[in-house]
Each structure stands twice: as structure tokens, then as C-alpha cells.
Amino acid sequence: MDDLTSKANLDGGFDDVSTESAGIFRAVLDAISHPGTMQNQSVSLAPPAPLLPTCAAVILTLVDNDTPLWIAPELMGDNVSQYLKFHTGAVLVEKAADAAFAVFSASHIPDLSQFQLGTAEYPDRSATMIIQIDGHGEAAPVSLAGPGIKYKQEFSVPGLDEAFWRKVRNNNSQFPLGLDFVFCLQQGIAACPRSSAVMIEETV
Amino acid sequence: MSAGLTMNGYNFAYLNEQTKRMIRRALLKAVAIPGYQVPFASREMPMPYGWGTGGVQVTASILKPDDVLKVTDQGADDTTNAVSIRDFFKKTADIATTEITQDATIIQTRHRIPEQELGANQILVFQVPIPEPMRFLEPRETETRKMHALEEYGLMHVKLYEDISRNGQIATTYAYPVSVEERYVMDPSPIPKFDNPKMNNMAALQLFGAGREMRIYALPPYTRVKSLDFEDYPFEVQKWDEPCAICGTTDSYLDEVILDNSGNRMFCCSDTAYCQSKQGPVKGAEQ
Chain A
26 MDDLTSKANL
36 DGGFDDVSTE
46 SAGIFRAVLD
56 AISHPGTMQN
66 QSVSLAPPAP
76 LLPTCAAVIL
86 TLVDNDTPLW
96 IAPELMGDNV
106 SQYLKFHTGA
116 VLVEKAADAA
126 FAVFSASHIP
136 DLSQFQLGTA
146 EYPDRSATMI
156 IQIDGHGEAA
166 PVSLAGPGIK
176 YKQEFSVPGL
186 DEAFWRKVRN
196 NNSQFPLGLD
206 FVFCLQQGIA
216 ACPRSSAVMI
226 EETV
Chain B
6 MSAGLTMNGY
16 NFAYLNEQTK
26 RMIRRALLKA
36 VAIPGYQVPF
46 ASREMPMPYG
56 WGTGGVQVTA
66 SILKPDDVLK
76 VTDQGADDTT
86 NAVSIRDFFK
96 KTADIATTEI
106 TQDATIIQTR
116 HRIPEQELGA
126 NQILVFQVPI
136 PEPMRFLEPR
146 ETETRKMHAL
156 EEYGLMHVKL
166 YEDISRNGQI
176 ATTYAYPVSV
186 EERYVMDPSP
196 IPKFDNPKMN
206 NMAALQLFGA
216 GREMRIYALP
226 PYTRVKSLDF
236 EDYPFEVQKW
246 DEPCAICGTT
256 DSYLDEVILD
266 NSGNRMFCCS
276 DTAYCQSKQG
286 PVKGAEQ
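Protein chains in written order, with this note's numbering: chain A, 26 to 229; chain B, 6 to 292.
Please note: incorrect hints may appear among the correct ones.
No farther apart than 27 Å at their CA atoms in a straight line, the calculated lysine-lysine pairs in the DSSO-like style are these [claimed, not checked]: (1) A:K177 with B:K283; (2) B:K151 with B:K164; (3) B:K151 with B:K96; (4) B:K244 with B:K164; (5) A:K175 with B:K231; (6) B:K69 with B:K96; (7) A:K192 with A:K175; (8) A:K110 with A:K120; (9) B:K96 with A:K175.
Partial list, derived from the structure: chain A residues whose beta carbon lies under 7 Å from chain B [said to hold, decoys possible]: (10) G48; (11) D89; (12) L142; (13) R194.
Hints were generated in silico from the structure; no laboratory data involved. C-beta atoms are modelled at their ideal positions from N, C-alpha and C, and glycine is treated no differently.
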């Protein structure tokens with residue numbers, strides 16, 4: 026099915042782009058300004074499976090033809106790629122190093138070292154990770170500290186294990202370079218920017 | 006007509022969606038790298054540079070239909086710049102506006118931070134003329150960019166030192182440079198240094214927009230912001246010998262107002278909403 030204008034792909038976008046994406050953006054802005062807090066957000070989108078509505082909403086709000094998009098193979102059915110092409114106009118890239126945004130699921134974390142971290146003079150030229158949380162798997166408890174957090178913020182997300190958080194901790198050590206993480210759950214959005222220090226709680 | 010279009014046919018909050026996405030991406034990067042100036046493709050706005058085109062673009066990109074907007078110019082809600090920006094968003098986004106600081110969800114400001122402490126549910130948007138704190142010391146962008154990359158801020162301290170050697174004190178009174186989380190040196194915009202301490206650990210998100218210079222930067226809530234100083238010449242804020250002549254408060258930033266040709270003057274709050282609140286509940290009862 027190559028027809029981008031088939032009805033299945035035209036449907037499922039924002040009913041009203043400007044006001045709905047404004048709401049989604051504020052949820053993402055709140056999430057990244059308060060790392061490790063859940064911003065509950067209802068979403069009207071109906072994206073093709075396996076894309077979660079919150080995940081699709083974040084993509085449609087931030088991604089367009091200026092921002093190459095990398096989608097993990099397990100999320101990339103025919104319908105998903107056509108849906109995203111139609112609603113964002115983004116170029117879907119195969120090389121992770123070309124991506125401004127990367128979308129993957131917590132159960133298949135790709136090699137994070139292949140994404141752009143920015144440069145010393147332009148640390149903003151880095152990739153943003155949009156991670157879909159399906160609700161399965163180990164939820165390693167961590168606490169976050171740094172800008173946006175008054176003292177410390179307890180946080181855990183199903184599917185994000187200790188190994189993942191060690192990578193995020195390593196990411197923080199490269200500040201001001203680094204990746205920023207946005208977590209899309211069924212009921213809302215959370216984030217962990219590169220500025221957050223990660224402490225992994227001891228699990229016995 | 007989609008709900009996103011306002012009465013006069015403009016898109017919600019004036020900017021088109023592609024522009025908003027570009028600014029929103031810059032804002033997220035700015036929050037993730039506190040104090041770093043993110044370049045953005047600033048647009049022509051229906052107002053001249055220097056009138057808050059950067060702040061307006063930031064506000065337009067974060068506005069939701071249920072926001073309540075307050076705009077102040079040097080602390081005042083009723084001066085030209087504040088009134089016209091408030092009207093602009095009333096017209097293009099059909100949102101509610103207020104002059105009461107604690108009722109606002111978004112406060113766009115030119116050169117002041119409100120006296121009233123801001124909460125976690127509020128966002129403060131600054132209008133910034135020159136975002137680069139070292140621009141008057143080093144005019145080349147390529148060089149200042151390198152200095153930020155290398156964390157090479159000696160020049161800034163030399164400038165403050167020269168202040169002391171010439172004037173006996175640090176004579177910088179506004180746009181007083183700050184260090185953010187001990188990494189980036191940042192221009193707080195031309196707020197009086199009286200307001201600098203309010204930036205430190207503020208509960209509200211602070212966003213800075215420089216339209217002509219095409220830069221966006223940010224301070225997330227609870228970010229450590231320190232005004233640069235020396236051990237033997239610590240940072241100090243302005244003090245006044247008298248209270249506000251209108252409301253009598255002693256803890257706010259006072260403007261000097263010339264009253265006549267014989268040199269009489271008075272000092273009164275620059276934050277008009279704060280001054281009103283200190284005068285009691287009856288608004289504009291006198292005259």
C-alpha cells in the first residue's frame with residue numbers, strides 16, 4: 026500500500042492542530058522542565074498500531090520536514106511509516122546518526138552511541154529520543170537531581186531497567202553534550218533531559 | 006472554520022504551525038541546556054525589533070487556549086509595550102489576560118521580574134535585546150561561541166574588575182551577568198541587578214527570547230543562578246533610603262520620578278501590580 030492519501034492514513038491526526046499540539050507541547054515542556062514527573066495528558070489521536078497515541082502526539086507536535094526521523098524497525102509497519110510521512114512530512118532516515126528525533130520502544134533500546142550528541146560549540150545539534158513505554162518489564166527505581174528538580178525526584182518506568190539508566194547516567198556525564206529523553210506512556214508524558222544526574226537505587 | 010483560527014482568520018497565536026514547531030524544538034533544547042543560547046529562525050513580527058519580537062514569538066509558541074497572560078514593561082502593566090502585546094494576543098489567540106501576577110499562567114516581561122514570588126505553575130518569558138553577555142567585550146560571534154564552549158569566562162571577570170578599579174565598586178547595575186549551574190555565563194536580560202537573586206532557584210520556568218539576535222535560552226525551575234562577583238567585592242543589590250511614595254513598601258524596586266522643574270522627585274514601585282496590591286483591596290478609589 027503505497028498510496029499516501031488512502032483514507033487510513035489521512036485519519037488519525039489531530040482534529041485541530043494548533044490547539045491540540047499546543048497542549049501536547051506544554052506537557053512535553055512541563056515534563057522536561059520537571060524531569061521525572063508524569064504529565065498526564067489525554068490525546069485524541071488514533072495512530073496505527075503499535076504506535077501509542079501519546080507517542081504519536083509528541084511526534085506530530087515536534088517533528089516536520091526540517092527534522093529527519095529515525096524509527097526503530099519494530100515500530101515501523103507500513104501503516105506507521107505512511108502515517109508519519111503524511112502527518113509530519115518528515116524524512117525517515119535509516120542511519121541513526123542522521124536523525125534529529127529517534128523513536129523506539131523500551132523493550133528494544135537501540136545502541137544510543139550512534140545518535141548525535143551535539144558539538145561543544147553547538148550542543149543543541151543533538152538528537153532527541155522519544156521512547157514508547159508499553160508497560161511491560163522491569164522498572165528500575167532511580168532518583169534524578171539537577172535543574173528542574175528542587176531536591177531529588179524518584180522515578181521509575183516499566184521496561185526501563187538498570188542497564189538503560191546506566192546509559193542515561195553516562196549521557197549526563199557528557200553535559201552540555203548529550204541526548205534528551207522523552208518517555209511516552211499510555212496516560213502521559215515524562216522526560217529526562219541531559220542535565221539530570223541519575224542515581225540508580227540499590228536493588229537487593 | 007477550525008477552532009484554531011481566530012475571528013480574523015489568523016492561526017491560533019499568530020504564528021503558523023511550522024514556525025511554532027521550530028521554536029518549540031529550540032525551547033526544549035534551551036531547557037535541557039540551561040543558560041546556553043539556542044539559535045532559532047526568528048520571524049518578522051508585526052512590530053519593530055526592540056519591542057519584544059523574541060518574547061512574543063516564545064509566548065506565541067507556548068500559549069494554550071486556557072492560559073491567562075500578563076505582560077509587563079519595566080514592571081508596569083499599563084505602558085505602551087505591555088498594552089499592545091496583551092492586545093495582540095487577545096486578538097490573535099482569544100485568551101484571557103490579567104494584571105494580577107498570581108492569576109497569570111504566562112507572564113511576558115520587559116526588563117523586570119515581578120516582586121510577587123512566582124509559582125511552579127507559571128512561566129516567565131523575558132524579552133531580550135542582546136543575549137550574548139560578552140558581546141560588548143568581544144564582538145565576534147565565532148569567538149564568543151568558542152568561549153562558551155571552552156567555559157572561558159576570564160574576560161567577563163576582567164570587565165567587572167575594571168569596574169572596581171575605575172569606580173571602587175562593580176558599577177554594572179542592570180543586565181548583570183550570571184553563572185548558570187556553574188557552567189554557562191548568561192545575560193539575564195536588562196533587568197536591574199535587584200532582580201538577579203530572584204532567578205536563583207525560582208519555582209517558575211524562565212524562558213528568554215531575543216528576536217533580532219535569533220537566540221532562545223532558558224532557566225528550568227530550581228536552577229542554581231549565581232551573579233558573578235569577587236570574594237572581596239561580593240554581589241550586592243540596589244537599596245533605597247525611603248519607602249515607595251505611593252504604597253509605602255520597603256522591599257520592592259523603586260523608580261525615580263521627576264515631579265516638576267525645581268528638582269522635586271519621588272520614588273515609587275516599578276511593579277505596578279505589586280504596588281496596587283500593597284495599597285489594599287480598593288482599586289483606583291482615589292482621584
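Hint check:
About 36 Å separates the Cα atoms of K177 (chain A) and K283 (chain B), which puts this hinted pair outside 27 Å; it is violated. Distance hint between K151 (chain B) and K164 (chain B) is fulfilled; the C-alpha atoms sit about 18 Å from each other, no more than 27 Å. Under the criterion of a C-alpha separation no larger than 27 Å, the hint pairing K151 (chain B) with K96 (chain B) is inconsistent with the structure, at around 42 Å. With a CA separation close to 23 Å, the supplied pair K244 (chain B) and K164 (chain B) stays within the 27 Å bound.
Of the pairs offered as hints, the one joining K175 (chain A) and K231 (chain B) holds, with about 16 Å between alpha carbons and a cut-off of 27 Å not exceeded. For the given pair, K69 (chain B) sits about 14 Å from K96 (chain B) by alpha-carbon distance, which is consistent with the 27 Å threshold. About 24 Å separates the Cα atoms of K192 (chain A) and K175 (chain A), which keeps this hinted pair within 27 Å; it holds. Simply put, K110 (chain A) and K120 (chain A) have alpha-carbon atoms about 17 Å apart, close enough for the 27 Å limit, and the pair holds.
The hinted pair formed by K96 (chain B) and K175 (chain A) fails the criterion: a straight-line CA distance of about 37 Å is larger than 27 Å. Using the Cβ-Cβ criterion of 7 Å, the hint placing G48 (chain A) at the interface with chain B is satisfied: the shortest such distance is roughly 6 Å. Because the smallest distance between the Cβ of D89 (chain A) and any Cβ of chain B comes to about 5 Å, under 7 Å, the interface hint for this residue holds. At its closest, the beta carbon of L142 (chain A) sits 12 Å from a beta carbon of chain B; the interface hint therefore is violated under the 7 Å criterion.
Hint status for R194 (chain A): violated, given a least beta-carbon distance of 16 Å to chain B, over 7 Å.
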